[in-house]
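Turn these sequences into a full structure, and let the hints steer you where they fit.
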Amino acid sequence: MLIKEGAVEKLKRVSPSQVLTYLILTLGAIVVVYPFFFMVNNSVKTGREILHSSWSLPSKITFTGYTGVFEELDVLLLFKNSLILAVSITLLNALLSALAGYAFAKIPFPGRGRIFGFMLLTMMIPGVLFLIPTYVLIYNIGWVGRYEALIIPSAVSVFNIFLVRQFMVGIPDELVEAARIDGAGEIRIFLRIILPLARPALATVAILTFMGSWNDFFGPLLYLNRPDRWTLQLGLLQFRGTVPGENSEQIWALTTLITLPIVVVYFFIQEQFVKAFANVSLSK
Amino acid sequence: MTSLSAAHDTPLAAPGRASLWFRVRRGAWGYVFVSPWVLLYLVFGLYPLALSFYLTFFDYSFVNPENRAFVGIGNWVQGITDPLYWRGIWNIVLNQAVFITLKNGIGLITAALLFRITWGARFFRTIYFLPVITSTVVLMTIGDNIASPGGPVQRWMIDAGILDQPVFWKTYDTLPMIVIALINTWKWFGISTVILLAGMYGIDPRLYEAAAVDGARGWDMFRRITLPMLRPQLFFLLVVDVINGLQMFTEVFSIGFSIYGGVNNQALTPVLYLYAQAFDRANVGYASTLGLLLAFLIAGLTALQFRFIRSDAD
Chain A
448 MLIKEGAVEK LKRVSPSQVL TYLILTLGAI VVVYPFFFMV NNSVKTGREI
498 LHSSWSLPSK ITFTGYTGVF EELDVLLLFK NSLILAVSIT LLNALLSALA
548 GYAFAKIPFP GRGRIFGFML LTMMIPGVLF LIPTYVLIYN IGWVGRYEAL
598 IIPSAVSVFN IFLVRQFMVG IPDELVEAAR IDGAGEIRIF LRIILPLARP
648 ALATVAILTF MGSWNDFFGP LLYLNRPDRW TLQLGLLQFR GTVPGENSEQ
698 IWALTTLITL PIVVVYFFIQ EQFVKAFANV SLSK
Chain B
9 MTSLSAAHDT PLAAPGRASL WFRVRRGAWG YVFVSPWVLL YLVFGLYPLA
59 LSFYLTFFDY SFVNPENRAF VGIGNWVQGI TDPLYWRGIW NIVLNQAVFI
109 TLKNGIGLIT AALLFRITWG ARFFRTIYFL PVITSTVVLM TIGDNIASPG
159 GPVQRWMIDA GILDQPVFWK TYDTLPMIVI ALINTWKWFG ISTVILLAGM
209 YGIDPRLYEA AAVDGARGWD MFRRITLPML RPQLFFLLVV DVINGLQMFT
259 EVFSIGFSIY GGVNNQALTP VLYLYAQAFD RANVGYASTL GLLLAFLIAG
309 LTALQFRFIR SDAD
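Residue numbers (the working numbering), protein chains in the order written: chain A, 448 to 731; chain B, 9 to 322.
Since the hints were made in silico from the structure, they are not lab data.
All the pointers check out, no bait thrown in.
Below, a sample of chain B positions facing chain A; criterion: calculated Cβ distance under 7 angstroms:
1. Trp-37
2. Val-42
3. Leu-48
4. Ile-125
5. Phe-132
6. Val-140
7. Val-145
8. Val-146
9. Gly-159
10. Val-202
11. Phe-257
12. Ala-286
13. Ala-303
Taking CB as the label site, the calculated pair distances span:
14. Asn-587(A) - Pro-174(B): 44 to 54 angstroms
15. His-499(A) - Trp-227(B): 41 to 51 angstroms
16. Ile-634(A) - Ala-307(B): 35 to 45 angstroms
17. His-499(A) - Arg-232(B): 50 to 60 angstroms
Chain A is nowhere near these chain B residues, computed Cβ spacing over 12 angstroms in every case:
18. Val-106
19. Gln-173
20. Phe-176
21. Tyr-180
22. Asp-181
23. Glu-217
24. Ala-220
25. Asp-228
26. Arg-231
27. Met-237
28. Val-271
29. Leu-312
Predicted, not measured: the structure shown is a model, and the values here were computed from it.
Every residue, glycine too, gets a C-beta built ideally from N, C-alpha and C.
This is how it looks when you write it as structure tokens:
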């Protein structure tokens, strides 16, 4: 009874301008989703059909794209390489930015303010400046073609430390002080009190770092440009250039395979994704 | 507090020194915890920073680092007068003019619409954000095929009578950067939507109530209240867009242009060009100079924005 009344109330409130609003928003959603549809749709067509009409629905659904791409390309190796990089960079960043963030937020040590200020200053330097000199350095160390080239320099980012530190400043000092009076050491405080409380900030760090590494193209192009080290993004680009037109469904199968895992995870924890990327709270 | 207890601890030493030593010892774990970052930053931050300046004075190649030749400010003179470098800058300016306007304009419109509705805002937001989390290489592969002469968009435009015949836009002088801006708009407008929507939720509703009492209507409220209150968010978006836009590489490369941005450099960007100089022509010192030039340009533009837009907003 109550529910019904509420529903009627809602229906009554819908004005023509609201209908128009929903219409525009739906149109926008269709435009946003269409390219994804285009990709999946073409992944189950034949290359010949894609050449003639890439827009039409499949006359007959085939999975030759998926079987073909696995024959032509070591797709699992691409996934493995991308995962090795993304997982190790993410774990290192979560750990090291939590440690540094905790120190900057809760352990007073002489020079802290100055080091933190200097850190903020370096955040302003555009990344392009480091491109060539870092390559020279990595080349001289002998890391070109090795995972270390991408993992070690990205093991911790100033932005992530800043993010965690800002969050940890909000944790009450009394919690930490009380533990110190009880005789707990800094490592114990860090593991038992700080880490559990800082989980939201660390989730943001993890999502941003993982996605940044997973979607990175420039880094692998510079340092891992050999077939046994290709990541998904680099493998896709290299593969694209070798596929003849009549097999182009393989490209769409590969792009679908690359996109699917991320989209699935995104739909489960989209609130955290949006928060992380936009760095805003979305409570209405 | 700290200096007092420190004086108690070591009464014989000079107070200032004792307290510093005590504070250093008490905060020792602080140094331990920040040391991984400090070490990494020294090696992969400060050293490359210094190296980038050093390299600009040399003719240097990866393969024969011993054979470097000192060229003074030669690289700088060459960079400032290099027509290809400025072609890249011009391309990016064109690209970003279209991109920043559309991305933030569409973001503002969708945010305003989502702010009005009572049901389903979360659903639309989730959809609009989907391209943001998808990889650039995948999206450019799709965008390239959708916009291609045989693709669905051009077919639709021909059917609708907007085009007479297929357009091979990649060979045009200005079209490539505009098409890339359109695809990038599609990828990134969701960020603007979300940030501006959060900003709108943060505006005090009493402002609107007061304006309504004064007889203000929808559009007036948007122009007089919403837009001015969103200045911090719009400013933030603009600054970040300019910084990222000037460093564009992956988009152009993964939509299928060569590292010189096509035969007429119609899609050349500064980063593409410095990549070509370093890895195709082995002019490492020159490439490093181009990177520094771009960094200075970005820093200058950011400072200008803070100077002229931010001070306006405060």
